[in-house]
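Could you slot chain B onto chain G? The hints should help.
Heads up: the sequence lines are chains G and B, in that order.
Residue numbers are given in this note's numbering: position 131 of the first sequence equals residue 550, and the series is strictly consecutive.
Residue numbers are given in this note's numbering: position 67 of the second sequence equals residue 68, and the series is strictly consecutive.
No lab work stands behind these hints: they were computed from the structure.
Take every hint as true, because none was put in to throw you off.
Once the Cα atoms are required to be at most 27 Å apart in a straight line, the calculated DSSO-like pairs of lysine-lysine come out as:
| # | chain 1 | residue 1 | chain 2 | residue 2 |
| --- | --- | --- | --- | --- |
| 1 | G | Lys437 | B | Lys52 |
| 2 | G | Lys535 | B | Lys50 |
| 3 | B | Lys20 | G | Lys697 |
| 4 | B | Lys50 | G | Lys433 |
| 5 | B | Lys71 | G | Lys476 |
| 6 | B | Lys183 | G | Lys437 |
| 7 | B | Lys156 | B | Lys111 |
| 8 | B | Lys71 | B | Lys50 |
| 9 | G | Lys426 | B | Lys71 |
| 10 | G | Lys476 | G | Lys437 |
| 11 | B | Lys50 | G | Lys432 |
| 12 | B | Lys202 | G | Lys426 |
| 13 | G | Lys433 | B | Lys71 |
| 14 | G | Lys433 | B | Lys202 |
| 15 | G | Lys463 | B | Lys202 |
| 16 | G | Lys463 | B | Lys149 |
| 17 | B | Lys71 | G | Lys432 |
| 18 | B | Lys50 | G | Lys538 |
| 19 | G | Lys476 | B | Lys50 |
| 20 | G | Lys433 | B | Lys20 |
| 21 | G | Lys535 | B | Lys56 |
| 22 | G | Lys686 | B | Lys20 |
| 23 | G | Lys433 | B | Lys52 |
| 24 | G | Lys463 | B | Lys183 |
| 25 | G | Lys437 | B | Lys71 |
| 26 | G | Lys731 | G | Lys476 |
| 27 | G | Lys463 | B | Lys50 |
| 28 | B | Lys202 | G | Lys476 |
| 29 | G | Lys476 | B | Lys52 |
| 30 | G | Lys463 | B | Lys56 |
| 31 | B | Lys20 | G | Lys689 |
| 32 | G | Lys432 | B | Lys20 |
| 33 | B | Lys202 | G | Lys437 |
| 34 | B | Lys52 | G | Lys535 |
| 35 | B | Lys183 | G | Lys433 |
| 36 | G | Lys538 | B | Lys52 |
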Amino acid sequence: MNFQLTKEQEFVKKMVRKFAETEVEPIAADIDKEHRFPTETVEKMARYGLLGVPLPKEYGGAGGDNISYAITVEELSRVCGSTGVICSAHTSLCGWPLMAYGTEEQKRKYLVPVAKGEKLGAFGLTEPNAGTDAGGQQTRAVDKGDHWELNGAKVFITNGGYADVFIVMAMTDKNKGTRGGISSFIIEKGFPGFSIGKTEDKMGICASSTTELVFQNCIVPKENLLGQVGEGFKIAMSTLDGGRIGIASQALGIAQGAFDVTSEYMKSRKQFGKSLSKYQALQFEMAEMRTRIEAARLLIYNAADMKDRHLKYGPYSAMAKLFAAETAMHVTTKAVQFHGGYGYTKDYPVERMMRDAKITEIYEGTSEVQKMVIAADVFSK
Amino acid sequence: MSFKIIVCAKQVPDTNEVKIDPIKNTLIREGVPSILNHDDANALEEALKIKDRYKDTHITVITMGPPQAKDLLIECLAMGADEGILVSDRALGGSDTWATSNALAAAVKKIGEYDLIFAGRQAIDGDTAQVGPQLAEKLNLPQVTYVKEFAMDGKDITVKRALEDGYELIKLKLPCVLTAIKELNSPRYMSVGGIYDAVGKEIPVWGAKELEIDLDTVGLEASPTNVFRSFTPAPKGKGVIIERDTVEETAKVLLEMLQEKYIIA
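Next comes chain B alone, as it looks inside the complex:
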């Protein structure tokens, strides 16, 4: 048994290294290294685990980004993916999640055959968690987001979907779209041999023409969302611990504090 898996990945600035310009409230990107988005690494790792089990499985990684995003594909290939496709075109610049998922859906359609699509939950630069679900909608595929456990038995899949206070156990059939969270696995490193194979490998670049995509559906102009302002959220104050001799007294103090803030009447 073998599978054809597509993994969607994004190159993002390493947020550990990013600083915010205190006056302009924008990200200072200069000199910040680019990395494989964390959740996307989990998505790729889960695909690689399937390949470990079913050797003939073929993994294609798609990324949309500027030409330097090729480095991300080299990294994915060096981790064990079989093929990388760079979706890159000036016409795609400034795309929001809606426009991005249009381009990615076109790329997936161009690839044609696939059993499973993995994406990361969200990118650490935008934090929207929208592209994976939008892609599933546009391809008319079932989807499960926030996947923290994955098991497959042939074409039957069982996943745990993380919730704030628990999880959902969901069964579904291939083909489908799953978005991964960090609890899913620990991504492997690149291997040295993999690096030497990956660097020389041809990476096709697909632009709007290759994707045969309507230019009204991609790029800045076609994007319905606009970012008005980026800012650093004000740090939350320290929590308050109320300690009185009895539970009743403690509750009374809490009640007064909540009333003072008009949280309860």
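Okay, chain G solo, but in the shape it has when bound:
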């Protein structure tokens, strides 16, 4: 056992931190205020391999491991939670299932441009009536002989408005139910009958695009079935196991960012004649926060390392996400409190970080779902 980062991981951390502080941080407040998706940042991330970190080189990825990927999402999120989730949803929820379940032809056609970041990816599972109960899919896919026909709608789809490739779940056999009845499809922007619906107006991660996907007699080529018919639920759940490493890293990054900003603020802000950093009550709170952040980081790296070793890591990524999300809420709430009135204004980044943190307890499985996953692992043995 060795808790040191590898040389590669150290360099990735150094590189992404510099990239994030130079390219992302200066616009983070503006894109949040304007609710503007940062296409220019996405192009730059693609150029430097940040949109395909854990994907193999032979398919256009950077050939890194999952700890380097976690570091990438963490460092982006440290300055901008929106940019972090753009990277995470693209890589974990679109790149990974294409790599794990795609045929050679599908990988050449879709994974290569996704891993290079030339095309942006998204994932469609959630529906108005199928959130935590993901099995209740109402989107239907019917085999029409020479193609599939999809009807239905997906909601809360990250990257929805800007993605080119979507991994979408649909019911192919209602009688078989969740396991066996759902299939996965690769949908391209521009397929006949596929359109982007409402864009959500959110509390946080305002620079990320969250939309509805609408399928009206959408024509999907036969060869765009991902995996086997009926494998959809398995594909979705295994994809989310990995996605949780990404979201946990996003939560960790937001927490670390708020912590760093707050510790700097405490050194300069004086009340009653001394810096906030000199008050032991506040020091103890900071010590508590730092401990939680470090624990979250170790849970994430462990889950990422297990994934690289092809071990059963699902419960561990659930624990990482549960803990990191709660840490993000705890730290950002305290960060706002420590900034006092200033923290509640948009002149300081902690207000944005607190809004961004909340979603990490909700998407890619709420904290309650993480507990279901963890508990199932306890009692299924």
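This is chain B only, laid out in the frame that chain G set:
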């Protein structure tokens, strides 16, 4: 068309993080991260831009330093350089600019084939701006320092050389030595894929033996310059703005002030 380019780079302490010991007047280097010297990053970037245009161009980065300077070469490789060579040997320790350029010239000769050598103008730790020009002299190559714009048309090169109050437009032919300043370009980042390729790559270490260099020309003993003292320059006072009702009055006040300081008679 393709070129063989050599880039000279130096690992330096991040001056944003350096503090001066107020008593000993020396740099406190402990815990200070090492970085790729800024001007050298510009030098490498310009070489990489040539490689972007002429794909078969080969870039070799040379650095002289202690074993940990290998990290700098990994960084350069991860940015897109093809090869890194670490010039490192206890016998080279304490070299000043003259001795350093002797070692670098020997390394360049050992590489043999090259069309162009880029270096940064100067390192942020020593600030001498001497190694690039000395290297050119020792290799008997034409040189242009303070390059802020670069254009190439085959083997013909046109550069703008920055001056305090303007620039010189200079045409020259390959091979030559150019030293880069920050206005030349914006260096790219490492790429993640580049990092994964670079870390495993073999980096040759050349010592005095490999360089076949005369030991009387390198190292502390062979260095004609000595640093007697480092100090923080006293901060300059604020400027004075003279404002009077008329130009004549203002000029009169200025004249008196200059005479008071014996700057003019």
